[in-house]
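Here our numbering is used: the first residue of the sequence shown is 1, the next is one more, and so on.
Read the hints as simulated data drawn from the structure, not as lab findings. Any given hint could be a false lead.
Claimed, not checked - Calculated lysine to any residue pairs in the SDA-like style (CA-CA distance at most 25 angstroms, straight line):
(1) 480 x 532
(2) 245 x 226
(3) 293 x 226
(4) 628 x 709
(5) 891 x 960
What the hints assert, rightly or not - Here are the computed distance ranges between Cβ atoms for each label pair:
(6) 809 x 607: 30 to 38 angstroms
(7) 222 x 809: 51 to 59 angstroms
(8) 607 x 309: 20 to 28 angstroms
Idealized CB from N, CA, C, for every residue including glycine.
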Amino acid sequence: MAANLWRTFSATIWIITLVSSSRTRIYPPNEVTLLDTRTVPGELKWAASPSEGGWEEVSIMDEKNIPIRTYQVCNVLEPNQNNWLRTDWIPRSGAQRVYVEVKFTLRDCNSLPGVTGTCKETFNLYYHESNEDRESYIKESSFIKVDTVAADESFTQVDVGDRIMKLNTEVRDVKVTTRKGFYLAFQDVGACIALVSVRVFYKTCPLTIRNLATFPDTVTGADTSSLVEVRGSCVNQSEEREEPKMYCGADGEWLVPIGGCLCNPGYEEKGGACKACPAGFYKAKSSDAGCTKCPPHSHSLREGATVCDCHSGFFRADTDPPSMACTQPPSAPQQLISVVNETSVVLEWAPPRRLGGRSDTSYSVECLICQTSSHSQLCLPCGSDVLFSPSQTGLKATRVVVSELRAHTHYTFIVHARNGVSQASGAGAAQSVSVSITTNQAAPSPVTSIQATDVTRHSLSLLWQQPDRPNGVILEYEVKFYEKDQRERSYRIMRTFSRSVDVTGLNPLTVYVFHVRARTAAGYGEFSAPFEFSTNSDPFPLIGEGVNSAFLLLSVSGVGILLLISAAVFIISRRRSKYSKTKQDSEEEKHLNPGVKIYVDPFTYEDPDQAIHEFAKEIDVSSIHIEKVIGMGEFGEVCSGRLRVQGKREIYVAIKSLKAGYSDKQRRDFLSEASIMGQFDHPNIIRLEGVVTRCKPLMIITEYMENGSLDAFLRKHDGQFTVIQLVGMLRGIASGMKYLSDMSYVHRDLAARNILVNSNLVCKVSDFGLSRVLEDDPEAAYTTRATGTYLSPGGKIPIRWTAPEAIAYRKFTTASDVWSYGIVMWEVVSYGERPYWDMNNQDVIKAIEEGYRLPAPMDCPVVLHQLMLDCWERERADRPTFSQILNMLDKLIRNPGTLRRTGGDSHSVCVSVVPEVCVSEWSVCEWLQSIGLERYRDTLAAAGYTSLDSLLALTHQEMDRLGIITPSHQDILIASVQQEMLSQMQHMQCSMVPV
1 MAANLWRTFS
11 ATIWIITLVS
21 SSRTRIYPPN
31 EVTLLDTRTV
41 PGELKWAASP
51 SEGGWEEVSI
61 MDEKNIPIRT
71 YQVCNVLEPN
81 QNNWLRTDWI
91 PRSGAQRVYV
101 EVKFTLRDCN
111 SLPGVTGTCK
121 ETFNLYYHES
131 NEDRESYIKE
141 SSFIKVDTVA
151 ADESFTQVDV
161 GDRIMKLNTE
171 VRDVKVTTRK
181 GFYLAFQDVG
191 ACIALVSVRV
201 FYKTCPLTIR
211 NLATFPDTVT
221 GADTSSLVEV
231 RGSCVNQSEE
241 REEPKMYCGA
251 DGEWLVPIGG
261 CLCNPGYEEK
271 GGACKACPAG
281 FYKAKSSDAG
291 CTKCPPHSHS
301 LREGATVCDC
311 HSGFFRADTD
321 PPSMACTQPP
331 SAPQQLISVV
341 NETSVVLEWA
351 PPRRLGGRSD
361 TSYSVECLIC
371 QTSSHSQLCL
381 PCGSDVLFSP
391 SQTGLKATRV
401 VVSELRAHTH
411 YTFIVHARNG
421 VSQASGAGAA
431 QSVSVSITTN
441 QAAPSPVTSI
451 QATDVTRHSL
461 SLLWQQPDRP
471 NGVILEYEVK
481 FYEKDQRERS
491 YRIMRTFSRS
501 VDVTGLNPLT
511 VYVFHVRART
521 AAGYGEFSAP
531 FEFSTNSDPF
541 PLIGEGVNSA
551 FLLLSVSGVG
561 ILLLISAAVF
571 IISRRRSKYS
581 KTKQDSEEEK
591 HLNPGVKIYV
601 DPFTYEDPDQ
611 AIHEFAKEID
621 VSSIHIEKVI
631 GMGEFGEVCS
641 GRLRVQGKRE
651 IYVAIKSLKA
661 GYSDKQRRDF
671 LSEASIMGQF
681 DHPNIIRLEG
691 VVTRCKPLMI
701 ITEYMENGSL
711 DAFLRKHDGQ
721 FTVIQLVGML
731 RGIASGMKYL
741 SDMSYVHRDL
751 AARNILVNSN
761 LVCKVSDFGL
771 SRVLEDDPEA
781 AYTTRATGTY
791 LSPGGKIPIR
801 WTAPEAIAYR
811 KFTTASDVWS
821 YGIVMWEVVS
831 YGERPYWDMN
841 NQDVIKAIEE
851 GYRLPAPMDC
861 PVVLHQLMLD
871 CWERERADRP
881 TFSQILNMLD
891 KLIRNPGTLR
901 RTGGDSHSVC
911 VSVVPEVCVS
921 EWSVCEWLQS
931 IGLERYRDTL
941 AAAGYTSLDS
951 LLALTHQEMD
961 RLGIITPSHQ
971 DILIASVQQE
981 MLSQMQHMQC
991 SMVPV
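Construct the entire structure; sequences and hints are all you get.
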């Protein structure tokens, strides 16, 4: 019966195989075949166990009468079958994951009579890795099972005319990475089956050229999800623009390329290769699009030119781009005209007739003093005292005024015309035109120095020097003077032939203003600058500059009185000014300041595109160069790269992209973060560079923060920073939050994980408005949206960082952000430790309601923990503002000694400082306990406040300095100490103890 079954089964195999073989299959180019039984000539001769009665190798003919070797087995009548068939050793050829394609037919057990319980409809596939072909027999224990293979279709009849049945094709993948090759084994456990063909192959990403970079044939990775990074090599005559990279996927497909190459100068891209520019064309830079025809007056005689050579007589300046036409120097200026005015001359000329094809023509004026003798003419350059207006060189206008010349002197002026190629080799000398003039007689220059001597009540003597340029013989000097208060309304004139004069008839103790000018045959020169001198109250002259002692005493006394008045005004104003301690005052001040910018909620816009275009800059996607993937965000990949905007330097940026298949809500939420960030401009707020919305994928471009999130950064560098550095980080965060609060923006999710750190340890507030779904972490719930004042009823909040009123009533304000800032302070000082440790959210809420607050971290300065406790006040109005926090941190940075005292230095018990005879008095510690402000015990003790009477000297300003900045606490301290001292005076039962 078994023989009959096998004969009918073999016939069916032939029929099915013939039908299947009539379709010729072309394998994909990214599949490399290691074994294909249909192409093996002759017998396969695989190892079978048992050698007889199990798997049997048979031959059948395909439609082209080519024999095909197959294996079959059909021991369905006998129970407990264990028939093994092992292939020959297969070298893996560098493959890390191979695929086994098995084509087989299998008989339906229900169609076989009398085989109940012994017939199977599956077989097992195994593999074994080995470095070489040494296995001569099957060792079952050394094989690893791949899978149990079942048929999709089985057959129940063996009618020779039935050609409807199809082969079963199953593919399994196997990871092979430890040996040079491997064996495959097929185990039959009682099925009626025929292996028609077995093909073993692996996948590669085929050789390709992308962006002028060649990427070689690359074997895929060992894991189905692995990506193999491949660095490309530039094609011939090209250079790297950015490092060319692609990733080979497990399916043998190349992913999107990064970077690429550019054709070298002189070459352009054609058909994925770089071809030389033909004669008459050039390409100057790799970044140029392609070869360009030579500009006018230039040529290239060879292929691959990077610049075109100028024709004879034409030139190119060093600063001229290769795309500019070759040009010539200008011709000489035309129609030079001179107009002499005493010792100055105005020169005017017309532009050259030929500018040489350029627009950068400039002029320079050369000045020569020429003396003519009977035999020759000697010309020397003018001195440096000659003035040219507007300039002597680099002139764009065709007019210049030359002044400060000598009188009665012969000058020659030469005007040169130049442009960008005038200095080029072979261009020749600059073209010029000249004119000669003789200056006229001129008045003398002003007197520059006047001195006063022999000062008395009614007279003084004046002395001065001759003018620097007398321009002839000085005939006389004229002195003009008047009382300073008269402002030249009434003045007197004195004339003298010498350089001195005695001025009499003056009023005592009066300031006079004096001017002196000289006269030559050409007339008077200009008056000198004003010189002021005062007469004396003493009838006798003073030694020196004629300063009267009484006048000096009066002046000094007046100055002293002014200083005293100024000091008094300053002290009174300081005492009258009182710093406002309430939030209402700070809010009122903000509204009165017209310069404060107010945040606009982008979710109030019906069209989200209107908000994004109003607050964010659109960036051309070609300016963005992605370098690598640095993480996965909620909406898509987060990459790092570079941004190149024309006219600005290249910067590193972070790029968030919106993955394909997004909904309208996801798009709105994604763009809302950019609409929010685009309104902020502060060094401690993450900066938005722009967005990409006009093509896909949508992108948000921000500045790149090298050190990532603050919590992870602190955990990585545990204990490596000084206290001042930590306070500096906190100061930056407080500065950013003050800016946000001034704009009326409530963050709602302030935490160390949402603070980013750059390479200079500058901390910047981030995470504005992105939706989050953290269902995998029930211990950390987040808000669904960080805009607006109230959350939706279903919104989640970060319990460990949120103020009690925000948890209970969803009331989010700047004061609730201050609470969160206190938690951030604790995270920073503890180097990223989790707030409230392993407590669950409900326990945290209960503990806070019962008054529990986080203790000071190890080595935490007392003043910092005190500031944390201030931020965690139950009442919102009692918490400090961000402005007060910022001022406090600035004081700590300026006075680092206040940070030395840590919690380990303080005492946990109250020590009375009151004499034993006065038992009715309290110690400062006990008194602070009675009013609920024991937290300030160490702060006051360190400042020397050790008794109640010493506390009477406390002022608001003093408490600001000590770090007691909560307004209500300041008021309680001042009022309570006054009330306590009054009570002790009225009810004291002991003798007074002198202080």
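| request: With a cut-off of 25 angstroms on the C-alpha distance, tell me whether residue 480 and residue 532 pass. | output: Holds. Residue 480 to residue 532 sits at ~12 angstroms (cutoff 25 angstroms).
| For the pair supplied as a hint, residue 891 and residue 960, is the alpha-carbon distance within the 25 angstroms limit? | Cα-Cα ~10 angstroms, so holds.
| Taking 51 to 59 angstroms as the hint, is the beta-carbon distance of residue 222 and residue 809 inside that range? | Check passed, 55 angstroms falls within 51 to 59 angstroms.
| Status of the given 20 to 28 angstroms range, CB of residue 309 versus CB of residue 607 | 58 angstroms, violated
| said: If I claimed the Cβ atoms of residue 809 and residue 607 lie 30 to 38 angstroms apart, would that claim hold in this structure? | reply: Because 33 angstroms falls inside the window, the suggested range holds.
| query | Regarding the pair residue 293 and residue 226, is the alpha-carbon distance no greater than 25 angstroms? | reply | The hint is violated at about 48 angstroms.
| query | Going straight from one Cα to the other, do residue 628 and residue 709 come out at no more than 25 angstroms? | reply | 18 angstroms, holds
| task | For the pair supplied as a hint, residue 245 and residue 226, confirm whether the alpha-carbon distance does not exceed 25 angstroms. | result | With a Cα-Cα distance of about 16 angstroms, the restraint between residue 245 and residue 226 holds, given a limit of 25 angstroms.
When the structure is compared with the earlier hints, violations turn up for hints 3, 8 and for no others.
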